[in-house]
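**Q** Residue numbers (numbering that gives the first Met the number 0), protein chains in the order written: chain A, 0 to 205; chain B, 0 to 205; chain C, 0 to 258.
Read the hints as simulated data drawn from the structure, not as lab findings. Hints may be right or wrong, so weigh each one.
[Said to hold, decoys possible] In silico lysine-lysine, DSS-like type, Cα no more than 30 Å apart, as pairs:
hint, chain 1, residue 1, chain 2, residue 2
1, C, Lys45, B, Lys110
2, A, Lys47, A, Lys67
3, B, Lys67, B, Lys110
4, C, Lys102, C, Lys45
5, C, Lys220, B, Lys110
6, B, Lys47, B, Lys67
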Amino acid sequence: MSDKESDVAREDVEIVRALEAILMVAMEPVDPSLLAQLLEQPVAVIEKLCSGLADAYRSAGHGFELVKVAGGYRLQSHPDVAAYVERFVLDSQQARISQAALETLAIIAYKQPISRGQVAAIRGVDPDAVMRTLQARGYITEVGRDDGPGQAVMYGTTPSFLERLGLESIDALPSIAEFVPDARVVEALEQGLRIVPQASGDTEQA
Amino acid sequence: MSDKESDVAREDVEIVRALEAILMVAMEPVDPSLLAQLLEQPVAVIEKLCSGLADAYRSAGHGFELVKVAGGYRLQSHPDVAAYVERFVLDSQQARISQAALETLAIIAYKQPISRGQVAAIRGVDPDAVMRTLQARGYITEVGRDDGPGQAVMYGTTPSFLERLGLESIDALPSIAEFVPDARVVEALEQGLRIVPQASGDTEQA
Amino acid sequence: MTYEVATPVYDGPFDLLLHLILKEEVDIHEISLLTIVEAYLAEVSKMEKFDLEVATEFLLIAATLVELKTRRLLPSRENVDLDEELALWEQRDLLLSRLLDHKTFKDVAGLFSSLMDRSALSFPRRSGPDERFAELLPDILEGVTPLRLQRAFVRSIMPKPPTSILLDHVAPIGVSVADALLELVETLPSIGRVTFRELTVAIRDRIHVVVRFLALLELFKQRRVDLEQHERFGDIVVTWIGGDNMNFDPTFDIDDYEG
């Protein structure tokens, strides 16, 4: 939009582009120390580049801004044009939770911390879109990374989820222990279906 | 540029900022007609502004880009800095897709709506397992039933499929005519499936 | 002439057929349509979920291949029925166009693969509205109680009931051409002369009749039987001309690739 954006030092261009790309795809504020690690730069350099980028966006007059919230950096819509964003939000959000979303939320609540891959394995379908919605609504959040080689992001429920359900803590969720042995029967009754003796557990996996 | 034009341009600045802000909070590609409605502009204006914005990002050398995919506009990280983003998004769900699944997807994309039996006729193998995987990944979906006596379930591709391939619409695929086997292949197949034995004196061993 | 058929992994009988036809150094006369037919029968019998439409497609293709093979084995007749001839050409053209489709979409798959590789280099922005817009969002957990959550969890860990069709009316194909061949070689020498109808009178399953017919064609090719058909749609008379010497392995010669 303006030439001022090219103010950043030339040698930093690659790092700044990578920084913009990461902030663009992040779901939550990104800790400067994680950025430092990913971009192989000292934290101080990251802080300086982010602040330079925030200035550049401001002077270019973009409809978005780079801010530091909750100890991390985040790209977000500019408050000046909040009215348009509000229209969009009101227009595009669905009102009720879908069956798929409820099941995904239940799995995360009971099995946390859990990765997206693990949720997919239980659900048999890709839970990506549903998890993004739940995350955007603040019911689930990233709670860390798996120790394993994949270092998958692990998800858990948030305090606002507990509050919304009127639960003191996650331990206050109704027990599922008693359901596990008879669960198939319960399910079969619910669905009004005959129990198939050799029903295989992984029909969704192909 | 005349004064009138620069007035329009000044007015456009607000719309462009609103566009940027909305795209920043979107969770999937945003339909230009929704943008047109929210910003009270003709669709053609929205399309022009978005394409101008995409150009501006490109020439400013940002680490993100504005693209039109699956019928809508979305912000995404720039492919140039994919290496950095991949470090950040460790558990990307972009699992590799098998050759069998790709061939099945190719048939469904070009022949939709198509039944499982019709896919089988071209593939020569039962596509059931592969089609269930494609459905679980959200690339294909049931789009209706055949009018014929069997009322076979018909399948088609989804917006997720277009997103995965980075296509604006199904029409953006090259014409199937470009893939039709050349004369040499056709001749060999005709010869291989000939009905009349060759006139030459060689012995037919079948 | 010998070549490996087992080395590459074929994605089903069509892939195999395509490979055999397009492999130029192989004499097209050598193509074993029988192998392909058997591959189709195997496909049908191993189908996870029986789908009449899919099975019918396979049997249609298999039947066309059988007919093509029959034509090549039997000497050409002088008085050809025009309708019959047209029907065969139609079937063959259909098969040809499917093979062409198969080849076409194999190539399209390559394009899809490269498009996916390219688009995988960009990651979409998908964060959604931040907490500043939280109060605008409808409460999607309206009516969701801890108990509903528990039930949703129990439901999600359940194996999904497999959608199955009753298969009682569909008999599995349990006979290969090789099996049928062995059976015929055991019974025919003692009978000598028999009609095809008599040979198959006890068989209720049409596919078993087809398999037995293929076996007879093999024996004809090996000059172990003589076949006569006096009128169109008339019964076929089978005469054993292989003698009493059973010292050959009847399965050895079935469409192998020795030149």
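**Q** Within a Cα-Cα threshold of 30 Å, do Lys45 (chain C) and Lys110 (chain B) meet the stated pairing?
**A** The hint holds at about 26 Å.
**Q** Holds or violated: Lys47 (chain A) and Lys67 (chain A), Cα atoms, limit 30 Å.
**A** 12 Å, holds
**Q** Would the pair Lys102 (chain C) and Lys45 (chain C) pass a check requiring their Cα atoms to be no farther apart than 30 Å?
**A** 24 Å, holds
**Q** Against the 30 Å threshold, does the CA-CA distance of Lys67 (chain B) and Lys110 (chain B) hold or violate the hint?
**A** Roughly 24 Å separates the two Cα atoms, so the pair holds.
**Q** Given the hint that Lys220 (chain C) pairs with Lys110 (chain B), test it: the Cα-Cα distance must not exceed 30 Å.
**A** Answer violated: Lys220 (chain C) to Lys110 (chain B) is near 41 Å, above 30 Å.
**Q** What's the verdict on Lys47 (chain B) and Lys67 (chain B), does the C-alpha distance respect the 30 Å limit or exceed it?
**A** It holds: about 12 Å lies between the C-alpha atoms, which stays within 30 Å.
The structure is inconsistent with hint 5 alone, although it conforms to all the rest.
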